[in-house]
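**Student:** Each chain, letter by letter, is given below.
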Amino acid sequence: MSCKYDLEDIIKYFEGDFSKEKFDEISAHLEKCKRCRTMYSSLTLTKQFFDVDVEYKGNVLSSIEGLIDKNRYRCKNPLHFLDKLVFNNVYILKVSIPIAIVSICIIFSIHNGNVHLNSDKYISKNTAQIPEEQNISIEPTASSLNNNDTYIKKGHFAQSPNGEMTAEVIREKDLFFDSILITDKNKENFKIILENIMYTSIESFSWIDNNRIGLCGEINPSVKVYVVIDTNGKSIVGEYDGIGFVWNKDKNKLYYIMTGFEVIDKIVDNEGNTYYEAESGTSIIGTIAITEDEEKFAFFVNENSQNKRKLILAKMGLDKKLKKELEIDAQFGSIKFNGSNSLSVTGIDGSITNYDLE
Amino acid sequence: MDNDNILVANILNGNIDSFSILISRYEKQLFNFLLRLTSSKEDSEEIMQDVFLRVYNYLYKYDSKWKFCSWLYSIAINSFKDFYKKKKQRNTEYYDHIPDYLVNSFTSIEETYETKELYYEVVKLINGLKKDHRTALILKHIQGFSYTEIAKIMGISQVNARMKVLRARQTINDGLLKFKERC
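Chains as they are written, first to last, in our numbering: chain A, 16 to 373; chain B, -2 to 180.
Source of the hints: derived by calculation from the structure; they are not laboratory data. What you are looking at is a predicted structure, and each value in this text was computed from that prediction instead of being measured. Cβ coordinates follow ideal geometry from the N, Cα and C atoms, glycine included. Incorrect hints may have been included.
[What the hints assert, rightly or not] Far from chain A, some chain B residues (derived; all Cβ distances over 12 angstroms):
no. : residue
1   : D1
2   : N2
3   : I3
4   : Y110
[Claimed, not checked] Within a straight-line C-alpha distance of at most 30 angstroms, the following computed BS3-like cross-link-like pairs (lysine-lysine) qualify:
no. : chain 1 : residue 1 : chain 2 : residue 2
5   : A       : K169      : B       : K58
6   : B       : K127      : A       : K62
7   : B       : K121      : B       : K177
8   : A       : K266      : A       : K330
9   : B       : K84       : A       : K281
If we strip away everything but chain A, and leave its shape as in the complex, we get (with noise of 0.2 angstroms):
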């Protein structure tokens, strides 16, 4: 028997989340339905388990006292005194010292000669090059957007591959999360701010079609984080941690290397389809490559005990979970497949192998 109510409606209940009235019908529901009986048990033993407190009987302080630093704020510290001005000051430094560079290289060029700031045709061809960081005002012309504005723009930009709509990744000043500021066919302006989506630094930044974008940021080292923004809903419709992404070739499928501590290394897509998982003491790295029929799949594995990477080549199963069909003692690289029988890998010195699968 099945009842309207699930594990979301019961959660709000248990966190009395719910009006009197509501919570009165759920109450009476609970009498009755055993399968929303048991969702509540499991929400109440949960609790039970974590509200049980266990006394801590140690001293933490006497534990570390003799490896701290007590004159470390007695402000007499010139060291710790210089790291709190940095800190302090990151924002201002990391914006000032390239501006400060580029400031020198350009007082540089034109001691030197080399510079002809009235030559149109120098102008436009230096800048096709974005500047890295720079302070801007925009001038919006929609109405999401307030005068004068302050931005800085992050380098990052592109245009829909149809040429109607060009990207931009900003960042409003005093927010915290980066903005795609994105200017449609008749040139009105709207942005997206990617709330709380954090990242250090942007990896890709392009146009999947010509409605959506994709942004790829590197959380750490290890994991990545793809956003998918739709601009025809002016809204983000995708976020998915991890690596490796790859679109399919009708760009409807996403596939991307689930990592992260302590969990196991999978193959999935967007819709939260998993295709293949590590084995046990393996990781899966780098990127993965697909046929344009979806049927074969090439990625590299890591043996994490000899740290010795293989390349796999897996075939997509009628169960749709990939079955590894062979294994290459490889260079390790990104990979490629040249038609549905062929491989090469570019390893990270720039040489090309290439594998014959037949």
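Starting from the known structure of chain A, arrange chain B on it as the hints suggest.
**Tutor:** Okay, now just chain B, sitting in the frame of chain A:
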């Protein structure tokens, strides 16, 4: 300015006694938090020492826009990860059982045999959760953090934090339903 921020300001002015007050305010709840993550008193104590040592050394980096306890727990999670990374390199395993002092707490309560059985099953299911799901669930329960705070502590999005807690609860619920079907 709340009490924690006053203590932090005092420590940054060289008052070491305020640091001992700060420790005494948080040691018990932090110990309970780490205990649920590690299932080992010894490991929890070792990690807790590292947490407070990091807190002291990097206190000048603390941004008072954050709640102090959110900052403290984010350090605790990093210390926990580092601790087991090192431990893994030494080829030692995670503790795969829940210690008796956590399980047996329920026996003192006058409950039916069936409820106790269910409790043991729930404890087993919690212990078998994925590490990040478990961490999010512990943060929700032990400290009663909001999803925004859990997101900040774990360095993930708010939606992701909500999903991790929900997935953890779903896993426990599914496991319990299966257990009931078996019985």
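**Student:** Would you mind marking each hint as holding or not holding in the structure?
**Tutor:** Hints versus structure:
1. D1: Given a closest Cβ separation of 16 angstroms, the condition holds.
2. N2: Fine: 15 angstroms to the nearest Cβ keeps N2(B) off the interface.
3. I3: holds (15 angstroms)
4. Y110: holds (14 angstroms)
5. K169(A) x K58(B): holds (25 angstroms)
6. K127(B) x K62(A): holds (18 angstroms)
7. K121(B) x K177(B): Distance ~14 angstroms between K121(B) and K177(B) Cα, so the pair holds.
8. K266(A) x K330(A): holds (20 angstroms)
9. K84(B) x K281(A): holds (24 angstroms)
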